[in-house]
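These protein sequences, in sequence, are chains S and E.
With the first sequence counted from 1, adding 1 to any position gets you the working numbering.
With the second sequence counted from 1, adding 172 to any position gets you the working numbering.
In short, the hints are calculated from the structure, not lab data.
You can trust all of the hints, since none of them are fake.
Selected chain S positions facing chain E (Cβ under 7 Å, derived; list incomplete):
| hint | residue |
| --- | --- |
| 1 | G43 |
| 2 | P44 |
| 3 | F46 |
| 4 | Q57 |
| 5 | L91 |
| 6 | F109 |
| 7 | G110 |
| 8 | S111 |
| 9 | G112 |
The beta carbon of each residue, even a glycine, is placed where N, CA and C say it ideally should be.
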Amino acid sequence: DAGVTQSPTHLIKTRGQQVTLRCSPKSGHDTVSWYQQALGQGPQFIFQYYEEEERQRGNFPDRFSGHQFPNYSSELNVNALLLGDSALYLCASSLGTGGFFTNYGYTFGSGTRLTVV
Amino acid sequence: AQSVTQLDSQVPVFEEAPVELRCNYSSSVSVYLFWYVQYPNQGLQLLLKYLSGSTLVESINGFEAEFNKSQTSFHLRKPSVHISDTAEYFCAVSANAGGTSYGKLTFGQGTILTVHP
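So here's chain E without its partners, still in its complex pose (with noise of 0.2 Å):
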């Protein structure tokens, strides 16, 4: 089985600012990791993920990931933050093609980020 903790449930931020949105997970196999973006109302939408190679991913808004296996972590980054980054972000697990529960994800509790004028 696997579990996701987003250590922070709040993050304000001011525009043009640098943020960082932690992700820690658990599992006794090996995982994909994903990060999903929902705006107020609507469904999910998937920011990014890493599958294999690379433990650096990136989406095309500028944000990007670093999977630490070491640390089980998949912390999400981006330089600096625009008005239209406010949403609440997801961290998610899957196991990989070799678990039981591949094609399952398990969520996080989410991290809400405001980015202030």
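Chain S on its own, in the form it takes in the complex (with noise of 0.2 Å):
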């Protein structure tokens, strides 16, 4: 049973550039999160989708979006890149919004580490 995948493992970008970053849950799973890790720091929320919709976001800008599909898997993207930007993006699996993490929890990915130049 495969667990959550995300795609690239690792990219370069440049500042100002647009990236797009993929996840792919966990087999029976249909709620994507999104979290980013930086440096030396604990993993910060971004934003959850259910049902092909943003259900909750953290503090970050416009310039982070995402979009979740029929089949669950999501994409992130960041536009306009900032050297800041630079961190390990973590994507977490789970079956729906209730019984989060009573019944089964997250499912966490390797991450794709990203990297701004």
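Using the hints, put the two chains back together into the complex; each one sits in its own frame.
Below is the structure:
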């Protein structure tokens, strides 16, 4: 049973460029959450998608946007990249927004390491 | 809103010694509490969680944590550590099912546990 799959694993972008990161949730999961983990920091919540809609959003600017597809996979888009966007981007999947932690909890992917130069 | 403070950024310890990783949280609503472990170049793995009931929770690999509501703490302990426990540990909190930010994890800054032979 495949867990959460993220692609690519690493990439390097230049300031001002745009980037798209991809996430395939664990089989049977329908909710995807994205987190940003800067070097030496804990992960910070970006947003969560359920039923193809953004359900919750953390304190991130509009340059960060996302999408969820009918097959539950998700993309994270970041426009006008800044040096400070360099981080490990983690995707987590779960089943529904109800019973979130009690029954199923999150499953995290291994992340995409984004370096902005 | 919730916040998490991990009181030690690094904890060095010798193999077979006991260890405690400290975590304090702040929240205006009732919470769920978690400990995650992250090995180098990997995503996050759930170590243990407190949802309700007994305030002492245990993991399958010998870690335990105790929820102390009066001190708003959720310290992680292990009576005898192994080299393989070397990793970064994150304490996290979420509003429980009645909270508006249910489903979103707020993480601490992390504690790097290094076990020396």
